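Take the sequence shown: its position 64, counted from the start at 1, is 64 in UniProt numbering, and no numbers get skipped.
Since the hints were derived computationally from the structure, they do not count as laboratory data.
Treat each hint with caution, since some may be false.
[What the hints assert, rightly or not] Dumping the calculated DSSO-like pairs for lysine-lysine here, alpha-carbon to alpha-carbon at most 27 Å:
no., residue 1, residue 2
1, K118, K45
2, K121, K45
3, K120, K132
4, K32, K45
5, K132, K45
6, K121, K132
7, K45, K2
8, K51, K2
9, K2, K121
10, K2, K132
Here the structure is a predicted model, which is why all the values come from computation and not from measurement.
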Amino acid sequence: MKRRRRTEILVQSNADLAEHLAETILQTYTCKEIVPPHHGLTMVKMRESAKQSLFYIGEVLVTEAKVEINQYIGIGIVQGMEEELAKHLAIIDAAYNATLPETREWQDLLLQAEADLKAKKAKEQAELFETKVHFETMDV
């Protein structure tokens, strides 16, 4: 599973999942904190639809952390002030970069969390469609 997909699942799902995965690594391996969780700003790019040109729409507050496990570096960046989540993401990223054996067991957990997220989004969309106004039926 690619980093982007894995991170999206961990950020959008319950924060307990990222904490659980990070704790399984911390129980077995030594984790060196290179950069503790800290806040910063990052520029957000948008694509203008007519000319297809990129421009910066503004800045977003992020929290970033960097750790090292078995000489492999992991980075965790999350939107908002989420120090613990950023650190957990960094630990998980370092574990994947080091190809630790625990990461093979996480595949099923991440796929299940992704399926739960899709089901939750589908339910929310179904609820929104129930409130949709059908203007063609309003002619009386």
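Hints, verified against the model:
1. K118 - K45: holds (26 Å)
2. K121 - K45: holds (25 Å)
3. K120 - K132: The hint holds at about 19 Å.
4. K32 - K45: The given pair, whose Cα atoms are some 32 Å apart, is violated under the 27 Å limit.
5. K132 - K45: At roughly 32 Å apart (the allowed maximum being 27 Å), K45 and K132 break the hint.
6. K121 - K132: holds (17 Å)
7. K45 - K2: holds (22 Å)
8. K51 - K2: violated (31 Å)
9. K2 - K121: Since the Cα atoms of K2 and K121 sit roughly 22 Å apart, the hinted pair holds (cutoff 27 Å).
10. K2 - K132: violated (36 Å)
In summary, the structure is inconsistent with hints 4, 5, 8, 10 from the numbered list given earlier, while agreeing with the others.
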